Amino acid sequence: MTQAIEQIQISAIVNGEKISRMIEPRLSLVDFLRNELELTGSHVGCEHGVCGACTVRVNGEIVRGCLMLAIQADGGEIVTIEGESDSGEIADLQKAFHERNAAQCGFCTPGIIMTTTEMLKNNPEPSRMEIREYLSGNYCRCTGYEAIVDAIETVATERKGG
Amino acid sequence: MKPSAFNYAKPSSVDEVLGLLSEHGDEATILAGGQSLMPTMNMRLSAPSLVIDINGLVDLSGISSDGDSLRIGALTRHVEIENSPEIAKHAPLIAMAMPSIAHPAIRNRGTMGGSVAMADPAAELPACLCALGAEIEITGSGGARKVAATDFFRGLYDTDLGDGEILTAIEIPKISAGYRSAFDELARRHGDYAMCGVAAHAKVDGGTISDLRLVFFAVGGTPVAAASASAAMEGQSVDDNSIAAAQAALEEDISPFDDLHCSATLRMHYAKELTKHVLTTLAAG
Ligand SMILES: Cc1cc2nc3c(=O)[nH]c(=O)nc-3n(C[C@H](O)[C@H](O)[C@H](O)COP(=O)(O)OP(=O)(O)OC[C@H]3O[C@@H](n4cnc5c(N)ncnc54)[C@H](O)[C@@H]3O)c2cc1C
Ligand code: FES
Ligand code: FES
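Line order of the protein sequences matches chains V and Y. Using our numbering, you'd call the opening residue of the first sequence number 1 and step up by one each time. Using our numbering, you'd call the opening residue of the second sequence number 1001 and step up by one each time.
Accuracy of the hints is not assured; some may be wrong.
To be verified - Derived lysine to aspartate or glutamate pairs resembling EDC-like cross-links, with alpha carbons at most 16 angstroms apart:
1) Y/Lys1010 / V/Glu6
2) Y/Lys1010 / Y/Asp1053
3) Y/Lys1203 / Y/Glu1234
4) Y/Lys1002 / V/Glu24
5) Y/Lys1010 / Y/Asp1059
6) Y/Lys1010 / V/Asp74
7) V/Lys95 / V/Asp150
8) V/Lys18 / V/Asp74
9) Y/Lys1272 / Y/Glu1251
10) V/Lys18 / V/Glu36
11) Y/Lys1010 / V/Glu24
12) V/Lys160 / V/Glu89
If you're looking for bench data, these hints aren't it; they were derived computationally from the structure. Predicted, not measured: the structure shown is a model, and the values here were computed from it.
Only chain V is shown next, with the shape it has when bound in the complex (with noise of 0.2 angstroms):
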């Protein structure tokens, strides 16, 4: 293929923070964040979207990254698990994660959190099997789950003050 790519522009608020850069095209949002911003909390596992690692909020909701291009998120607002550790949202998550051992290479664990995150602002007292349901998308190979499940359903049980 021999036609001329051009780079655009694309400007968001990461985390936060404005930022502008230009990019290709062909760039997706997790390569984006990790290779021009440096985050580098997002994961990439499979590129076709099917392990979860690379999950990171758009406007509110969360989106493979992998399988939007960076360019899409233009104007948008993109909060990455840098963002949500920095802001204190998920300290108590981060906190149940580690005493139930439910980040064990950690592979994952970015991505399981800003699932959870969602899940728990749509349906605060989920069931374990709803808590299943919602990370059916998120692959984890070393804990097995039931770790996870347990520290989430800990974290619920907590906010609703019980």
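Place chain Y with the ligands on chain V using the hints.
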């Protein structure tokens, strides 16, 4: 696993999309939710030189009620359909199917039009649309035309959508009084594409079934209407005998295949079990 280089256009009207499609021909690809296109581009199974992002076409998004039918814009996201009270009330079959489509992060982006245009043989929505007698609205340079869902899906990933055309909406007749729907599928993991699934829609009058439409997915190249099994239930109540007759008739309707996930024999077994489940559900209301 990175896509090959392409240029990017983000038009804001259907006319602009049609202009770009006619100018660039099959070098150009429409990008909707990207949840099927991006994986194929990442794997370089598809390498367009121009990606036409239709996410700026706000008019293509949303659900509206229009007399006896519901209109779902092509760009309406799965999550919006899943949470829509209109869909739950007037097209319960679609509401039942939504949670089985992929996972929440994918449903936040994936669109109705993308699922229909993609025509994955294991996808839920094409089968539901066939069972409900829905119509697909396609717009080209000559204006808009409508095709029955049952004629739209022509073969494996092959549809009636022509070069230079864009899918603009889906129209679903609202459920009539006395009708019920049921849906079931088997997948290895919640949200994965099914190994076998079925959409069912019928009139149920005091336990008696009529006008049954059983449509299977993941058993052939397109959604497969089980005409013989459906006919076997006409005027019957749901009991062991009628279920057995419908299951036997299913042998004439579908001829499943072997693949990585399960054998043809197992698929046929699943199809028969799912038939029993949906018939029992229809009768129970
Ligand atoms: C891990 C994973 C699991 C999944 N599981 C399921 C599942 O269980 N069931 C299921 O049904 N789906 C599943 N999907 C697919 C998902 O539902 C997609 O959203 C859907 O198939 C395509 O919709 P999209 O809007 O993302 O389309 P895109 O990926 O943007 O496009 C798909 C194709 O349709 C064309 N297209 C899109 N919109 C139009 C239009 N308006 N007019 C003309 N052509 C158009 C594109 O050019 C492209 O060829 C899964 C996806 C992933 C990544
Ligand atoms: S890297 Fe995006 S889902 Fe696996
Ligand atoms: S902790 Fe290793 S993949 Fe989940």
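Which hint numbers does the structure go against, in order from smallest to largest? As far as the earlier hints go, not one is violated by this structure.
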